[in-house]
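> Take a look at the letters that make up each chain.
There are 2 protein chains.
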Amino acid sequence: MKIIVDAMGGDNAPEAIVKGAVQAHQELGCQIILTGRQEEITPILRAEGCTGAQVVDARDVISMNDEPTLAVRSKTDSSLVRALRLLKQGEGDAVVSAGSTGALLTGATLTVKRIRGIRRAALAPVLPTGQYGTVLIDCGANAECSPEYLLQFAYMGSFYSEKVLGCPRPRVGLLNIGTEEEKGDALRHETYALLEKAGREGRICFVGNVEATGIYDGCCEVAVSDGFTGNVMLKTTEGVAKFLMKSLKGVFMKNPATKIAAGVLYKDLKAMASSFNPNEVGGTPLLGISKPVIKAHGSSNDTAIYNAVKQAASMAGSGLIEQIQENIQQMRLETPQEGTQKE
Amino acid sequence: MKIIVDAMGGDNAPEAIVKGAVQAHQELGCQIILTGRQEEITPILRAEGCTGAQVVDARDVISMNDEPTLAVRSKTDSSLVRALRLLKQGEGDAVVSAGSTGALLTGATLTVKRIRGIRRAALAPVLPTGQYGTVLIDCGANAECSPEYLLQFAYMGSFYSEKVLGCPRPRVGLLNIGTEEEKGDALRHETYALLEKAGREGRICFVGNVEATGIYDGCCEVAVSDGFTGNVMLKTTEGVAKFLMKSLKGVFMKNPATKIAAGVLYKDLKAMASSFNPNEVGGTPLLGISKPVIKAHGSSNDTAIYNAVKQAASMAGSGLIEQIQENIQQMRLETPQEGTQKE
Numbered sequence: 096m097k098i099i100v101d102a103m104g105g106d107n108a109p110e111a112i113v114k115g116a117v118q119a120h121q122e123l124g125c126q127i128i129l130t131g132r133q134e135e136i137t138p139i140l141r142a143e144g145c146t147g148a149q150v151v152d153a154r155d156v157i158s159m160n161d162e163p164t165l166a167v168r169s170k171t172d173s174s175l176v177r178a179l180r181l182l183k184q185g186e187g188d189a190v191v192s193a194g195s196t197g198a199l200l201t202g203a204t205l206t207v208k209r210i211r212g213i214r215r216a217a218l219a220p221v222l223p224t225g226q227y228g229t230v231l232i233d234c235g236a237n238a239e240c241s242p243e244y245l246l247q248f249a250y251m252g253s254f255y256s257e258k259v260l261g262c263p264r265p266r267v268g269l270l271n272i273g274t275e276e277e278k279g280d281a282l283r284h285e286t287y288a289l290l291e292k293a294g295r296e297g298r299i300c301f302v303g304n305v306e307a308t309g310i311y312d313g314c315c316e317v318a319v320s321d322g323f324t325g326n327v328m329l330k331t332t333e334g335v336a337k338f339l340m341k342s343l344k345g346v347f348m349k350n351p352a353t354k355i356a357a358g359v360l361y362k363d364l365k366a367m368a369s370s371f372n373p374n375e376v377g378g379t380p381l382l383g384i385s386k387p388v389i390k391a392h393g394s395s396n397d398t399a400i401y402n403a404v405k406q407a408a409s410m411a412g413s414g415l416i417e418q419i420q421e422n423i424q425q426m427r428l429e430t431p432q433e434g435t436q437k438e
Numbered sequence: 096m097k098i099i100v101d102a103m104g105g106d107n108a109p110e111a112i113v114k115g116a117v118q119a120h121q122e123l124g125c126q127i128i129l130t131g132r133q134e135e136i137t138p139i140l141r142a143e144g145c146t147g148a149q150v151v152d153a154r155d156v157i158s159m160n161d162e163p164t165l166a167v168r169s170k171t172d173s174s175l176v177r178a179l180r181l182l183k184q185g186e187g188d189a190v191v192s193a194g195s196t197g198a199l200l201t202g203a204t205l206t207v208k209r210i211r212g213i214r215r216a217a218l219a220p221v222l223p224t225g226q227y228g229t230v231l232i233d234c235g236a237n238a239e240c241s242p243e244y245l246l247q248f249a250y251m252g253s254f255y256s257e258k259v260l261g262c263p264r265p266r267v268g269l270l271n272i273g274t275e276e277e278k279g280d281a282l283r284h285e286t287y288a289l290l291e292k293a294g295r296e297g298r299i300c301f302v303g304n305v306e307a308t309g310i311y312d313g314c315c316e317v318a319v320s321d322g323f324t325g326n327v328m329l330k331t332t333e334g335v336a337k338f339l340m341k342s343l344k345g346v347f348m349k350n351p352a353t354k355i356a357a358g359v360l361y362k363d364l365k366a367m368a369s370s371f372n373p374n375e376v377g378g379t380p381l382l383g384i385s386k387p388v389i390k391a392h393g394s395s396n397d398t399a400i401y402n403a404v405k406q407a408a409s410m411a412g413s414g415l416i417e418q419i420q421e422n423i424q425q426m427r428l429e430t431p432q433e434g435t436q437k438e
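Residue numbers (my numbering), protein chains in the order written: chain V, 96 to 438; chain G, 96 to 438.
One thing to keep in mind: the hints can contain errors.
Same chains, same label: a pair holds when it works inside one copy or across any pair of copies.
[What the hints assert, rightly or not] Here are the simulated lysine-lysine pairs, PhoX-like style, with alpha carbons at most 20 Å apart:
id, residue 1, residue 2
1, K208, K183
2, K349, K258
3, K349, K278
4, K365, K354
5, K278, K97
6, K292, K278
7, K365, K337
8, K365, K341
9, K97, K183
10, K344, K362
11, K337, K349
12, K258, K362
13, K362, K183
In short, the hints are calculated from the structure, not lab data.
With the rest of the complex left out, here is chain V (with noise of 0.2 Å):
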């Protein structure tokens, strides 16, 4: 397996970028490829004695502050555009990339392509829920969407689940503001009866509408969400689980005999932690490219690199984009211009 890996994108790059990439060559054996300033890589792979890993060489850097079009459209000897084209090229198996989200979703739609048929690609992230997690799908890609659109997230949600997660029988649920059938709006509504029908026919195990509750309960492998609320459901875990890690911390300062109980406590509580830590979860898969692109944490340090490098090799050699396209059929509606339709 080779992953291409954009070593200029992300808050520690290239430093952290490299080493994590370097440690997956040593550790898991994955041919890798680094896009970037050479003399930047260079010293670093020196430094880490790693000789096995192939450098092209990109003169430019998107920011984080670069509109994203633009940037993929004009910058074309960046990092991220260069790991871009040579995935599309055959170089290289997959791509990861801790750059700029929006750019890295436009690049991988402008230079790999979507899977003909699918209408958006989405981002996937995997909550950490019960013995699989939870797959949230679309997680900002798209902040508004059709119930076409969210027909295809849970087909392709539940085919990343079984076959990256390893999920036999992912559960589906719709994210809804309740249970019952008639919660919700009209693109709710309308996706909730696509749903159902796919459920009916056997080719995904639609469960119903589900609320944010009831996924931290372990209800289903796969909610499925238009892009804007994805992405407030995901911020908001951030959110609260940063919130209520500070004041466990206050807790835990206020005299020396919390101190004392709280290094006890002390490993088990980071574990606990690291599970909604973005460097420990690894990276969010962009589902509906032709082929696998990984978009790790803005904020990755080389274990959250090494993380992502490892789900890239997986989702490659998964068969996940081949299952997408043979059940393409399933995942459209029939429409007038269809044949018409500009993929």
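Assemble the complex: chain V is given as a structure, and chain G must be docked to it using the hints.
Here is chain G on its own, set in the frame of chain V:
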């Protein structure tokens, strides 16, 4: 101050409801009217040694499974409808109910009516952030919203934070999926322009788009949202808090040493958990109704009802509704059909 309490609403009715109301009567000196089945309420009052509370008999009960509009229209002798009718007639200053949210909202709108000019009432719970908390408005009353609704929510949330929570200059943010002005969907773009104008004119203190992570960092005292997204944020908060507390318990019970350590921290941890506990926080105001109506959590115990009655009294004495009425012209968009629009 005289507070009307729906004694039959909620999982623990009537016992916890009556006890909580009695406690408020005794400790805060509120006058209390309890609506519901006299033969069930009176023995609890007697057991509590309370002779000062008034009971208004109502034979029917609206359950969580009743369809709200139908229930409000057909169950006219229910404790909930009776409570709202007493409020309308001026027999009391506010209503507290732990019954069905939908029925309370519908009943309040039909019976007590909205403030003239307010398009929709909104649920506005307070998230436990910073010094004054953050009013999250709307949180489930309106799954689909127009920019004008959101403008009105912004004003009402700001006035509530100021008058009831005591924040001298509430910062108002628009819940979005990024802080940049162009983020989000069409609803957010149009609302942003309205809030920005209200901010520029010095009517509210608009701080721009906010993310859920920012809200938990304490970046604003009011977060404006459509009811769908707000509801997902609220339930995610509840879900994550519960999930983390459960994980924490697992860490504590691991072995004898962790159990002892947990014992040392117990009291402070409990206080921390209670900030996310609906029983401690009190109730959620229905803003936009012409008199104060407070929805207490369905699982309210007596402490929760006590807190909700206290909150109702504070809201009734705050001048909030008068302030909304005085500013109604700023909160309306001029539309051609304005003159003929039914309130």
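> Going through the earlier hints one by one, which of them does the structure break, listed in rising order?
Hint check: 2, 3, 5, 12 and 13 fail, others pass.
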